[in-house]
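Starting from the known structure of chain U, arrange chain E on it as the hints suggest.
Below, each chain spelled out in residue letters.
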Amino acid sequence: MMDPLTLFFITSGIFLGWSLGANHAVNVFGTAVISKMVKFKVAAIIAGIFVTIGAVIGGAGATKTLNDLGSINAIAGSFTVALAVGISVTWMTKLKLPVSTSQAVVGAIIGWNIFTGSPTDFSSLSKILITWVTSPIIACVFGYVFCILIEHILKKAKIHLLELDAYTRVGLIVVGAMASYTLGANNIANVMGLFVSSEPFKEFSTPFITLSGTQQLFLIGGLAIAVGIYTYGYRVMVTVGNDLYKITPISGLIVVLAESFVLFIFSSQELEKLLMSLGLPTIPLVPLSSTQAVIGAVIGVGFARGGAGINYKILGKIATGWVIAPVVAGIFTFVALFFVQNVFEQKVINTVEYEINSSVIKKLNEDGINVNQLKDLSGQRFSSSKKFKESLMSISNYKEKELFSIFNYSTVDSIKVDSAKLIQYKKRLVFDDNEINAIKNLHGKIYIHEFEFIDALKNIYNKYSINILDREFQSKQNELINIFSFNKHKSNNKE
Amino acid sequence: MAIFFNKTKKIELEIEDYLDLVEKGGLVYKQGVKYYFDKRQEEFETKLNELRKIEEDADSLRRNIETKLYIKTLIPESRGDVLGLLEHTDKVLNIIESSLLEFSVEIPDIMVDLQPLYLDLAENAILCVDCTVGGIRSYFRNLEAVRDFINKVQFYRNETNRLAEKIKRHIFRTPDIDLSQKIHMRYFSYHMERIAEEAEDVCDRLAIATIKKFE
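Those protein sequences? They're chains U and E, same order as listed. Residue 13 is where the first sequence starts when you use our numbering, and the numbers rise one by one after that. Residue 866 is where the second sequence starts when you use our numbering, and the numbers rise one by one after that.
Please note that the accuracy of each hint is not assured.
Stated by the list, open to error - Listed below are several chain E residues computed to face chain U (Cβ distance under 7 Å; list not exhaustive):
#, residue
1, PHE870
2, ASN871
3, ILE936
4, THR938
5, GLU942
6, SER1003
To be verified - Dumping the calculated PhoX-like pairs for lysine-lysine here, alpha-carbon to alpha-carbon at most 25 Å:
#, chain 1, residue 1, chain 2, residue 2
7, U, LYS433, U, LYS457
8, U, LYS488, U, LYS375
9, E, LYS874, U, LYS170
10, E, LYS874, U, LYS167
11, U, LYS53, E, LYS937
12, E, LYS933, U, LYS51
13, U, LYS48, E, LYS918
14, E, LYS1078, U, LYS51
15, E, LYS918, U, LYS168
16, U, LYS401, U, LYS375
The hints are simulated quantities; they were obtained by calculation from the structure and are not laboratory data. If you're wondering where the values come from, they're calculated on a predicted model, not measured in any experiment. The beta carbon of each residue, even a glycine, is placed where N, CA and C say it ideally should be.
In isolation and in its complexed conformation, chain U is listed as follows (with noise of 0.2 Å):
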């Protein structure tokens, strides 16, 4: 039976997940609805049908990306967390600031971050704020191409009016779909990825369907986003629907194929899979902000058309979106936490313990770490990031990166490995007869930190030469992890 304080704690998420219905139907159906092509009613089934699948099939490799930013560890941390977000967001609208939700949730989990004393990982941020930079312009190229190939073909095809229209119309409904489907599994991460690392729901198994507890998170938080986009997904679009999507029926499809494409992209898994068998760089999986997309489809459909009409002082809108969303939702939730924290007393980190030994010494050598003065801190156990942090500050003046590094090798994990456990997993299909036996080898083990295991299954894979896709290793691994470890998340000290 779910814990009713932990019923309690995902309502911001929910309120989120609402909010982003709400909100953001307009970018998958607004020209639709506006220009009658669609019923509201049609539009907001479907999109609320097709956003939930997105998020809770595909919604896991934009979490990642925030959760290597910031794993809020704690229930309470994250309502609180979310909470933030969701008021900034609100409050930074009412002012007329262009904000997404996608930007303030950056800024959000490095105010959690320093906050607890934990540090960012700059390499995720920097993916991050490119992205941020990157989408719109891919939706422009997208927008500009598909409108070009698009115009081309009616041209050739001469399709009397009357079935372009009815054309248009479907298309219209596939494409919103599919936009829905994108946006579910790319913005969940915005609405539930928050309460992925504090796992509060326990994995449900049925005989036709199991859903991870991530899974049931991101139900609830796609199902959230449905009743958004039923119960107030039409005001926006007749209120806040403004110019951006009073465009023709035509034009509307081509923004939001090129909008898709563009959360596709950066929300697929599976296209990872394929760029990286191809041997091709990957493209990150991040929460993007689908309306900047839907202003760079916009442009891209404008240019295509000659150029006429585009209003370039939108994007000097859209860059100051990028700085202040983070900085104004990091600020409250500084605050809020601190609140949360002493005034309601509620715990907003559940501990994590460090130890550094010569194994993590030898791994951060490796990435080129100075590691001379981290031997005096050798064999202590730390209780508390900020503890940690303070020590690591005491002997050498770290930059964020290599503390990031330290904190990430050094985290006590303990895992035991009992392959016994694996037979229920076996019937799952997640790992095949071959990779029973080979974990078999590490049976009885005990590893202190994550990496020590991983390097281990790496080692006994090799061997036993199974040959999977990185990606998939890493999801295996996690669950090995989420099997075999004995003390992850169970401390509830208090910071």
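Showing chain E alone in chain U's frame:
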């Protein structure tokens, strides 16, 4: 899905049928005027009745199309333009019908040497209508071809102007006929000219609707 496309196809065919009726109305009108001048009274009356029937059918078909376009909220961004084009084309057909009806009611006595000019005027006025209908058909399928039809309408409209003026000058410079007959003959050339004038108005609407589609 197939039902959805079938319904669209049906309305598309109805629009085509409607435009066919307008074209047919023009042909019947030309025949009617010819029979009138040839004094083939019975055949003339048959043509008039045929034209009345065409006008009635076109009227009900247009109403049917309009209702369907509204009820099914089809082509929402160009519906106003399309309805405007269909309504004004119907007005052209009304003028064609009333022009032939007036021949039957008022039995004008047109001078024999002017009759070929009247026939030429009727021919050019109906060519105006035909090109307008062609332009509307292109508006639905091939926007770029609309311009060609608009140019042709302009040409035939100028021709009707010229012919009507020639007829009027000829009438009022002929000394041996009554003024009442002169005015009566002028009135009939004016009616033929009105057909081209109305077709030109439809064409102006068509030009604007086409520009809107290119935006």
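We went through each hint and held it up to the structure:
1. PHE870: Status holds, d = 6 Å.
2. ASN871: violated, 10 Å
3. ILE936: violated, 12 Å
4. THR938: Interface hint status for E:THR938: holds (5 Å vs cutoff 7 Å).
5. GLU942: holds, 6 Å
6. SER1003: violated, 9 Å
7. U:LYS433 <-> U:LYS457: holds, 14 Å
8. U:LYS488 <-> U:LYS375: holds, 22 Å
9. E:LYS874 <-> U:LYS170: holds, 15 Å
10. E:LYS874 <-> U:LYS167: holds, 20 Å
11. U:LYS53 <-> E:LYS937: Given pair U:LYS53, E:LYS937 holds - Cα atoms ~16 Å apart, limit 25 Å.
12. E:LYS933 <-> U:LYS51: holds, 17 Å
13. U:LYS48 <-> E:LYS918: violated, 37 Å
14. E:LYS1078 <-> U:LYS51: It holds: about 23 Å lies between the C-alpha atoms, which stays within 25 Å.
15. E:LYS918 <-> U:LYS168: Not satisfied, since the Cα-Cα distance of roughly 39 Å exceeds 25 Å.
16. U:LYS401 <-> U:LYS375: This hinted pair holds, its Cα atoms lying about 19 Å apart.
Hint compliance for this structure: hints 2, 3, 6, 13 and 15 are not met, and every other hint is.
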